[in-house]
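Chemist: If you want the building blocks of each chain, they are given just below.
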Amino acid sequence: MVLPDLKQDLHFTAEGFHTVILPRPQPEWARELRTQAFQAFQELPWPNRSMEEWRRTELRIFHLENFVCWAPTPDPLPEIPSALAPRLETAGRIVTLNGRKISSTVESDLLRKGLVIECLEDSLSGPHEELIRQHLWRLFDWRADKFSALHAAFWTGGTFIYVPRGLKVEQPILHVAALASNQADVGHTLIVVDEEAEATVVTETSSLDPGAEGLFCGGIEIFVRPGARLRYVNFQNWNQKTFHFARQKAEVAERAFMEWTLGALGGRLAKVNQELVLNGPESEAIVNGVMFAEDRQHLAYHTRQDHRTGQTKSDLLYKGALQDHAHLVWRGMIRVEPGALRSDGYQRNDNLMLSDTARVDCIPGLEILADDVRCTHGATAGRVDEEEIFYAQTRGLTRREATRLVVTGFFQQVLDRITIDSVRDALGDIIQQRVREYRSRE
Amino acid sequence: MATKVDVIGEINKYDFRAEERYVYRARKGLDRDIVAEISAIKNEPQWMREFRLKALEIFESKPMPTWGGHIDVNFQDIYYYIKPTERQEHSWEELPEEIKKTFDRLGIPEAEKKFLAGVKAQYESEVVYGSLREDLAKRGVIFTDMDTAVREYPDLVREYFGTVIPPTDNKFAALNSAVWSGGSFIYVPPGVHVEYPLQAYFRINAAQMGQFERTLIIVDEGASCHYVEGCTAPMYSSESLHAAVVEVIAKRGARVRYTTIQNWANNIYNLVTKRAVAYRDALVEWVDGNLGSRLTMKYPAVYMVEPGARAEILSVAFASKGQHQDAGSKVIHAAPYTSSRIVSKSISKAGGRSSYRGLVKIERGAKKSKSNVVCDALILDPYSRSDTYPYIELEEQDVMIGHEASVSKIGEEQLFYLCSRGLTESEASTMIVAGFIEPLVKELPMEYAVEMNRLIALQMEGSVG
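From first to last, the protein sequence lines stand for chains A and B.
Those letters in the first sequence? Residues 1 to 442, by my numbering.
Those letters in the second sequence? Residues 1 to 465, by my numbering.
Certain hints may be false.
Unchecked claim - Derived contacts from chain A toward chain B, CB cut-off under 8 Å, selection only:
#	residue
1	Glu130
2	Ile132
3	Arg359
4	Ala370
What the hints assert, rightly or not - What the simulated footprint calls covered on chain B by chain A, stretch by stretch (three residues with Cβ under 8 Å from a Cβ of chain A suffice, anywhere in the stretch; the number is not a length):
#	segment
5	229-241
6	373-385
7	407-418
FYI, nobody ran anything at the bench for these hints, they're computed from the structure.
Idealized CB from N, CA, C, for every residue including glycine.
Could you build all of it, start to finish, from the sequences and the hints given here?
Modeler: Right under this line is the structure:
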């Protein structure tokens, strides 16, 4: 490909779109979709606080013009920091920088059996074109808001994981997504786990420079086909200067199972939509959320559990702890469609406030349009129990140690639901490192 | 079969209409002239006239809410003011025959004799009947209609009117502020306990009538009272609007309980703003039953502004065919050591939709606040819908907050057990629903509890099988 002359930085504008994005090699259908998405991007207004979904999220600190829509991959390649890579025995790996693949490996045996771990953009016109075409954007509504449209218009690189029918991949597949200083990642992830197949996928995000700004505006689509099983972990661990806008959605078909874990630790401002669609009898999903916010972080997570058909089961547990001036938002919805009888939906959100100046908004929700269902939710918030601290202190622990212990215990309930030992331990360790002294004593 | 006929007769208990007679009716529609006319008829002081006109501007500048239920009201096709009688009477006998008959059929005079300390009966826009037990009047209790209060207690009214719910609060509060008429004014002096309930009964009789009563309750330090309101209207083919504003002020150590049983006809939009301010150690209780109306949007609120204030909110919503009950509660903890408890029960049936929409807000510094919210919903058939939208906003760490909600249908096992004891399925369902709303019913005055159970039984009639 002939690179255009990049004398000036090209931003997320019409110029950027027509100069570097649209001319990229891609099949005609993909180009057509991009064009539509770009039109939506131009037409949609910027989210503002009069919109219910953005009412609690202040966007004024975010400036899109600070970021370029495309930059060449640096040469030589920098070292990619990862908390999980050294701890996981994997079946395959893919590493992306600014959304674009810099390396990928698949165990040779699995490669032979058809496991695909590739760059999505490169795969658009390959042997899997038809499969990708059938799935891409089906779970992603780019008209949802301006960020979604931006993503669908400007996406580059991305990750494509395909687990063929009946293949059981025992070891996790790891995707490390890294972001260089002041760069943007607009990568798209598509995961298809075909009928009766099994896999574990772990995505970890990581900033090269802990002090530099970054932008992630991404989308994830996950298809768990009939009878398949997927454990998916999305471990958002950007630095605290990164803006993170993500829309992720999974469709779980009949008899399929998904365990979906979301760790939210990084980001200056994170706005995430996590949507689960149970679309077939005996489909089941477990959703785990671990959120830890500090300093001036703002993390907003909007979750949705859609029971499209009957005999479906979903169980969501989000736990959040926050200190300093952090602000945590969780807004959840269980929706049961008419006729989705014998649906069983649960959501729970617990929050632990470690400082006087933190703020949490938690908004569970139910919309039930069928009668023979069991849907419940619960929400709690409070601070570290002084009695527990006192007890630990009588056992010789310092206040700081005691607080760490209590916070770890608070998260243990959700960590225990993560069935991948290495991920569970890594998450636990990282949270523990981040719990500082409990400063707000009376 | 015989019982069936009875039941139909019973349902019609509220759905009857008297001939429309009035001594004055303002023309249809809403504009500055109508608002000025209402103010002139009432011979109001200048400040109230200006308050109304300002509120009209606010109403016109505010967009319709885009959340909650679907509101399809043509504001120009409504009568905003109908004066049914020349003056307020203090004896039922002096009321025009059809109005007296109306309240007789609703059982108000009978209830008054038995268990009430005072009664106001509002018909269309004006309070037509009022009474208060003499001993209470002697102790300084004021229970009158809002219009009289503006004339006779101008200082009290001016001090508090519109302070809890300013016209800018929302579109329908602005509308009410512009065209309000009737409603109750209660003042309970320090230390006085009103032991029996004070009751108001609101009746819309005319078609295309909007009722906009305005209630202000001030319970002074260490005093207490229980206010009960009931609302009904006959069924007309076109929609009517009820947009009330209720302001409650509970001063230090005061206790106020406000009970509403709303059974409007199924074509009334019931868009009501109710809010209380609770000062140090005061207790405000809302007991709220929503059975009627096409759409109710009502979220009784308590602002706890001084330490030790408490709020208890208990609500039941029953949404049947063509109904949407969008109700809930709001508690704002703005001071330390405040506590609130919300219990909400809703039942959806025959395609009805009931939604709980609530807010628990803990402001920064409201340490040691506690709040507990429990929402339970029953769905009686596959065509009905139940929603829960509880908002929890915390700016303070040293608090205890809990929220729980569940949605389910009537348990097969419970039904089976009751049927094995010889009940029909319909009787068993009714009994289970009655048990489900028990926490509310037991808080009602006895006569209301009986009435409530009867209404639920009527709503449940023929719901199963």
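Chemist: Hint by hint, note whether the structure agrees.
Modeler: Quick rundown of the hints versus the structure:
1. Glu130: violated, 39 Å
2. Ile132: It is violated, given that the least Cβ distance between Ile132/A and chain B is near 37 Å, above 8 Å.
3. Arg359: holds, 5 Å
4. Ala370: holds, 6 Å
5. 229-241: violated (count 0)
6. 373-385: holds (count 8)
7. 407-418: holds (count 3)
Hints 1, 2 and 5, counting from the list given before, are not met by this structure.
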